[in-house]
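Peer 1: As a plain string of letters, each chain reads:
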Amino acid sequence: MQTHLDVRHLRKSYGTFTALDDVSFTATSGEIVALLGPSGCGKTTLLNLVAGFLTPDGGSVIVGGRDIVNVAPHKRDMAMVFQNYALFPHMSVERNVAFGLKMRSVASGEVTKRVQEALELVQLGGLGKRYPKELSGGQQQRVALARALVVRPSVLLLDEPLSNLDALLRKRMREEMRRILKAANITTVVVTHDQEEALVSADSIVLLASGRVEQRSTPNELYERPSTIFSARFMDVTNFLDGTVIGHEQGHAVIDTAFGKLRAEADNCTIGAKVTVAVRPENIAKGDEAGENHVTGEVVSSSYHGPVRRVEIQANGARLIADIPVKRCLSKVGDRLSVSWPADDTRLLPGQGYTVPDDKNIESMLQ
Amino acid sequence: MKLHAGLLLVPAVLFYAVLFVWPLIISTWGSFTPTGKLSLQTYTQFFADEFYRSVLWRSLRISAITTLMTLIIGYPIAVYLSQSWRKGRSLVVFLVIAPMFVSAVVRSYGWIIILGPNGLLSSFTKAIGLPMGHLLYSEAGVIIALTHVFLPFMVIALAGSLQQIDPSLARAAQILGANRFQVFVRVILPLTLPGISAGSVIVFCLAASGFVTPALVGGAAVPVMPYLVYKEGLLVLNWPFASAVALILLAATALVTAIYTFAIRDAASRRSVVR
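These protein sequence lines map, in sequence, to chains A and B.
Position in the first sequence (first residue = 1) + 12 = the working numbering.
Position in the second sequence (first residue = 1) + 891 = the working numbering.
Check the hints yourself; a few may be wrong.
With a straight-line cut-off of 25 angstroms between C-alpha atoms, the simulated SDA-like cross-links for lysine to any residue are [to be verified]:
id: 1; chain 1: B; residue 1: LYS978; chain 2: A; residue 2: THR67
id: 2; chain 1: A; residue 1: LYS114; chain 2: B; residue 2: PRO1058
id: 3; chain 1: A; residue 1: LYS87; chain 2: B; residue 2: PRO1058
id: 4; chain 1: A; residue 1: LYS114; chain 2: B; residue 2: SER1160
id: 5; chain 1: A; residue 1: LYS114; chain 2: B; residue 2: LEU1084
id: 6; chain 1: A; residue 1: LYS87; chain 2: B; residue 2: LEU1084
id: 7; chain 1: B; residue 1: LYS978; chain 2: A; residue 2: SER25
id: 8; chain 1: A; residue 1: LYS145; chain 2: B; residue 2: LEU1138
id: 9; chain 1: A; residue 1: LYS141; chain 2: B; residue 2: PRO1085
id: 10; chain 1: B; residue 1: LYS978; chain 2: A; residue 2: TYR26
id: 11; chain 1: A; residue 1: LYS145; chain 2: B; residue 2: ARG1062
id: 12; chain 1: A; residue 1: LYS114; chain 2: B; residue 2: ARG1077
id: 13; chain 1: A; residue 1: LYS141; chain 2: B; residue 2: SER930
id: 14; chain 1: A; residue 1: LYS145; chain 2: B; residue 2: LEU1021
id: 15; chain 1: A; residue 1: LYS141; chain 2: A; residue 2: GLN128
id: 16; chain 1: A; residue 1: LYS141; chain 2: B; residue 2: ASP1057
id: 17; chain 1: A; residue 1: LYS141; chain 2: B; residue 2: VAL993
Chain B stretches covered by chain A per the calculated footprint, using a threshold of three residues with CB under 8 angstroms from any CB of chain A [stated by the list, open to error]:
id: 18; segment: 1048 to 1060
id: 19; segment: 1069 to 1079
Here are a few chain B residues that sit away from chain A, every Cβ distance over 12 angstroms (derived from the structure) [as the list claims (entries may be wrong)]:
id: 20; residue: TYR934
id: 21; residue: VAL984
id: 22; residue: ILE1093
Because the hints were derived from the structure by calculation, they are not lab data.
From the three backbone atoms N, C-alpha and C, an ideal C-beta is built for every residue, glycine too.
With the hints as extra help, turn the sequences into a complete structure.
Peer 2: As structure tokens, this is what we get:
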């Protein structure tokens, strides 16, 4: 597949604050790329640089082989869906959707036809005469999407497109949005802070942290094989243990940790290296049969999470969080509990120094 | 105890009844009974006389041009003020509002000094070799002075409606292919029509009823309706005729602003209909 959008070495500072520091990513034709990260990571700045609302301090934005970094937004042949939709309140739905076509001097017969097609694509066929304020949030979101899609932009930009919808509608819309974007085969850059939204709707994810690209990969790889502590934490890994690689056995690395010897996937691994062992709570099961790694400890907390019970086990001064299916879990605080998990579900991450996120940290991750 | 919401308006209603409605009724009655009997004499006298008609026409013309001037000068200022990232906004607000801190008389004398025969303006035009005489006691001078006085009202009305516009609307239009001019004409301007309407009505009414500025800057050479009311009522002591002039001005102002407001509302709604 040919690269359609090529963002190279973008830098942007505001005074002494560096919003983006040498950020690069690419999108092939028709690909949906998610810019994911906590608030303040620079993802919105990055989107505004691609749109042309901001001028970078350095770097280039190349679309279809042409550097457009000095081209004004209205000449970039892009379209954007804004977080608050930014529908023109004085125009009907039809005129909102027709706006970009009129700006492109499309003939009026063609405008009517394409507006109708776009509204039907987002299942709003009968609402063309309504005004934005007469529509629900979900309908407004679809109008915004139709208004952007109808111009067949060379790049479509979505700024937190679903964040103003309630949770149920958001879940439905992110799949529908992906279906629509794929059907239209439009190269899309979507900014989101919601990792689930990124996993569901994107072909590839650029994870940003403090103005830098932390990891760039497919949703599957980012979820299964996060490459840094930040990536893993953003992808819902909650267990991090400092350890030292002490050897190899049957294709696995052996690491010495507070819980004794643990086995993990063998990449990132030199003997003697200081590493962090990462494991997801849902990969940990009750009993000894689930895998090569075993921990027995005292249950220090236990809370109900619907399908699972989240228990926290303490042993040798370290803690481990496990999600155990409710039916299998009768443990109370103070009980002793044995758990186990497979070496293949255990990641080794470079470096140490994972700290339990404090409230401020958690807040900024949830933003 | 349930307090009727209408009670909240009692002080205002009393105030208006005593100081506005009652005098208005007396004036109206007086204008129709110049000799103690009901007649249209004062009104026919007004409209039969070329001079009086010209005064009405001048009042409306001066007010309309003043409104247009404040709109043209005020809109860019309001745009500047609505851009929150601009530094120096508070200084501009101060400069715009400053004329309101000064009494109308003092301000008008300021204009007399500037516009007068040996004033700043005529000295300057003489100095650059383009002598244009002076503007004191001329309609242009009155319009300049009125524009200065009423500009703040227009700016405040426009800035209010500009500030209500979501900044992402301009960006949305831009990324869809609209240049700056198209963003303004198709998005910003239609959304500020209510502000334009409100500002224009305020400035037009104030300009039409203003007395001090036209009297001092224009004097007897530029008679306007309020000046006529003053002259007939307080100098000639022809109260019925003065009342008639006041009511004619009131009716004319109401008519003009009604037509104007309706036209703008019509433009706003026509823009919203799909063509």
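Peer 1: Next step is simple, just say for each hint if it's right about the structure.
Peer 2: Structure-based check of all given hints:
1. B/LYS978 <-> A/THR67: At roughly 20 angstroms apart (the allowed maximum being 25 angstroms), A/THR67 and B/LYS978 satisfy the hint.
2. A/LYS114 <-> B/PRO1058: holds (21 angstroms)
3. A/LYS87 <-> B/PRO1058: Judged against 25 angstroms, a Cα distance of about 19 angstroms means the pair holds.
4. A/LYS114 <-> B/SER1160: holds (20 angstroms)
5. A/LYS114 <-> B/LEU1084: holds (22 angstroms)
6. A/LYS87 <-> B/LEU1084: The given pair, whose Cα atoms are some 28 angstroms apart, is violated under the 25 angstroms limit.
7. B/LYS978 <-> A/SER25: holds (19 angstroms)
8. A/LYS145 <-> B/LEU1138: violated (43 angstroms)
9. A/LYS141 <-> B/PRO1085: It holds: about 22 angstroms lies between the C-alpha atoms, which stays within 25 angstroms.
10. B/LYS978 <-> A/TYR26: Given pair B/LYS978, A/TYR26 holds - Cα atoms ~16 angstroms apart, limit 25 angstroms.
11. A/LYS145 <-> B/ARG1062: holds (19 angstroms)
12. A/LYS114 <-> B/ARG1077: holds (11 angstroms)
13. A/LYS141 <-> B/SER930: violated (55 angstroms)
14. A/LYS145 <-> B/LEU1021: violated (57 angstroms)
15. A/LYS141 <-> A/GLN128: holds (11 angstroms)
16. A/LYS141 <-> B/ASP1057: Distance of about 22 angstroms is within 25 angstroms: holds.
17. A/LYS141 <-> B/VAL993: Distance ~51 angstroms between A/LYS141 and B/VAL993 Cα, so the pair is violated.
18. 1048 to 1060: holds (count 3)
19. 1069 to 1079: Check passed, 5 qualifying residues.
20. TYR934: The assertion about B/TYR934 holds, with a minimum of 43 angstroms to chain A.
21. VAL984: holds (26 angstroms)
22. ILE1093: It holds; B/ILE1093 is separated from chain A by about 23 angstroms at its closest Cβ, greater than 12 angstroms.
Hints 6, 8, 13, 14, 17 from the earlier list are contradicted by this structure; the remaining hints agree with it.
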